[in-house]
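Read top to bottom, the protein sequences are chains W and A.
Residue numbering for the first sequence follows the UniProt record's numbering, starting at 1 and increasing by one per position.
Residue numbering for the second sequence follows the UniProt record's numbering, starting at 1 and increasing by one per position.
Worth flagging that the hints you see were computed from the coordinates, not collected in a lab.
Please read all numbers here as calculations on a predicted model, not as lab measurements.
Certain hints may be false.
[Stated by the list, open to error] Facing chain A, a subset of chain W residues (Cβ under 8 Å, in silico):
1. Gly-18
2. Val-151
3. Pro-152
4. Leu-177
5. Arg-229
Ideal Cβ placement from N, Cα and C applies to all residues, glycine included.
There are 2 protein chains.
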Amino acid sequence: MTNPTAAMLVIGDEILSGRTRDSNMHHLATVLTQHGVTLAEARMISDDHASIVRHVAELSEAFDHVFTSGGIGPTHDDITAEAVAQAMGAACGIRDDARAILQAHYDKSGQELNEARLRMARIPDGAALIDNPISAAPGFTLGNVHVMAGVPTIFEAMLKGLLPTLTGGAPMVSASLRVERGEGDIAGPLGDLAEANPDVSLGSYPFTQNGIHGSNVVARSQDGAAVDRVMTALGALFPEAR
Amino acid sequence: MTNPTAAMLVIGDEILSGRTRDSNMHHLATVLTQHGVTLAEARMISDDHASIVRHVAELSEAFDHVFTSGGIGPTHDDITAEAVAQAMGAACGIRDDARAILQAHYDKSGQELNEARLRMARIPDGAALIDNPISAAPGFTLGNVHVMAGVPTIFEAMLKGLLPTLTGGAPMVSASLRVERGEGDIAGPLGDLAEANPDVSLGSYPFTQNGIHGSNVVARSQDGAAVDRVMTALGALFPEAR
Numbered sequence: 001m002t003n004p005t006a007a008m009l010v011i012g013d014e015i016l017s018g019r020t021r022d023s024n025m026h027h028l029a030t031v032l033t034q035h036g037v038t039l040a041e042a043r044m045i046s047d048d049h050a051s052i053v054r055h056v057a058e059l060s061e062a063f064d065h066v067f068t069s070g071g072i073g074p075t076h077d078d079i080t081a082e083a084v085a086q087a088m089g090a091a092c093g094i095r096d097d098a099r100a101i102l103q104a105h106y107d108k109s110g111q112e113l114n115e116a117r118l119r120m121a122r123i124p125d126g127a128a129l130i131d132n133p134i135s136a137a138p139g140f141t142l143g144n145v146h147v148m149a150g151v152p153t154i155f156e157a158m159l160k161g162l163l164p165t166l167t168g169g170a171p172m173v174s175a176s177l178r179v180e181r182g183e184g185d186i187a188g189p190l191g192d193l194a195e196a197n198p199d200v201s202l203g204s205y206p207f208t209q210n211g212i213h214g215s216n217v218v219a220r221s222q223d224g225a226a227v228d229r230v231m232t233a234l235g236a237l238f239p240e241a242r
Numbered sequence: 001m002t003n004p005t006a007a008m009l010v011i012g013d014e015i016l017s018g019r020t021r022d023s024n025m026h027h028l029a030t031v032l033t034q035h036g037v038t039l040a041e042a043r044m045i046s047d048d049h050a051s052i053v054r055h056v057a058e059l060s061e062a063f064d065h066v067f068t069s070g071g072i073g074p075t076h077d078d079i080t081a082e083a084v085a086q087a088m089g090a091a092c093g094i095r096d097d098a099r100a101i102l103q104a105h106y107d108k109s110g111q112e113l114n115e116a117r118l119r120m121a122r123i124p125d126g127a128a129l130i131d132n133p134i135s136a137a138p139g140f141t142l143g144n145v146h147v148m149a150g151v152p153t154i155f156e157a158m159l160k161g162l163l164p165t166l167t168g169g170a171p172m173v174s175a176s177l178r179v180e181r182g183e184g185d186i187a188g189p190l191g192d193l194a195e196a197n198p199d200v201s202l203g204s205y206p207f208t209q210n211g212i213h214g215s216n217v218v219a220r221s222q223d224g225a226a227v228d229r230v231m232t233a234l235g236a237l238f239p240e241a242r
């Protein structure tokens, strides 16, 4: 049984210039892993129409799901909706259902639904709206592409509503062992163990703490019994570890 | 005058599973911006040979520089060197210069240069070594691809040595204005200003602080005078801002 695959597309000049440190990719990775969806790739690109179109088309073709963040606000550099629509061959304009959501929101707060804010009602034909419980302006799902906001609190809230509607697979089971020996010391037996257990992904991550060079060994699989088996073998290989 | 372009390739299952939060991309973005190199794209992919080969080949063709992080340690899942070599059409094996660096390092610390550690001397033919002042095992530059470690302290140290050898362009000049009004309120005049100043990249980033919904407006250009001109205009548009 293979889990559904996904890619993430982080859209925004501010990420690539170093002005802003993206946190949405890490959040998505964590949440998808729990949900049994394999995040296979992430890309970070600039606010450029042709570039968004090309990457959305590529990723939408290659993976079961594509999640995007960024570029759906009211300003001139918010161009994601049109680009995603073009990539997926859909028309895009102000949609009545999205306009009604914005109108209600701004009526309540006594603000004007001006021309700029109305840009947030641009939704491709055929797309399903994604609820935004924080600031009303919706995201959308078009085909297998899920378009969400870049502001982390809004991205996370949108994802929380969206995720239960997506079919997940078996969540990954993982376990780790902290070995107070450098990777170079444990790499031999670790490689043999990995080869003997192709159903378990075995990774090793070096750390330095209080002057000790050690390795965190992580076993991951959809098969919990296989992870247990590998952890028992690891315990026998490195009896001093905990 | 156009600055050199770059892409980053972050290699590692642990990033895509959410176990580890990448910090190298943000560091690279910041440092390249200062050096006058435009980071145009970043990709995060898993420890998969075919996938590394394909992405390195694509990015190496499309950009002036490619920077990779991850997968050059001693363990079985460290497969970046062979994959980069294959992507660039080079042979890859244990190289004497890299072996001598490792031998000297482990002799000094009284550790054995075993088979696993020797894997870190696998360097493609024709590659130039990148110095690792922290743990000796070198990175390398092959063609326009710069291969570095995933551990952030080592990645940053390698980059610090590498960067002065790369020709940069004009560093980006940026300035920002904090406007205590929502994006929807300022988007109209901001869009007009952006259109009138195509040589300046004008971005707007919403924030919420102490109950205030505001926008940080950022102007970026290689042309410092153009940034000054736009900031003056912004001050006139939003006189209450600071």
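Inset, instruction - Please flag the earlier hints that this structure goes against, numbers listed from lowest up. - result: The structure breaks hints 3, 4, 5; every other hint is satisfied.
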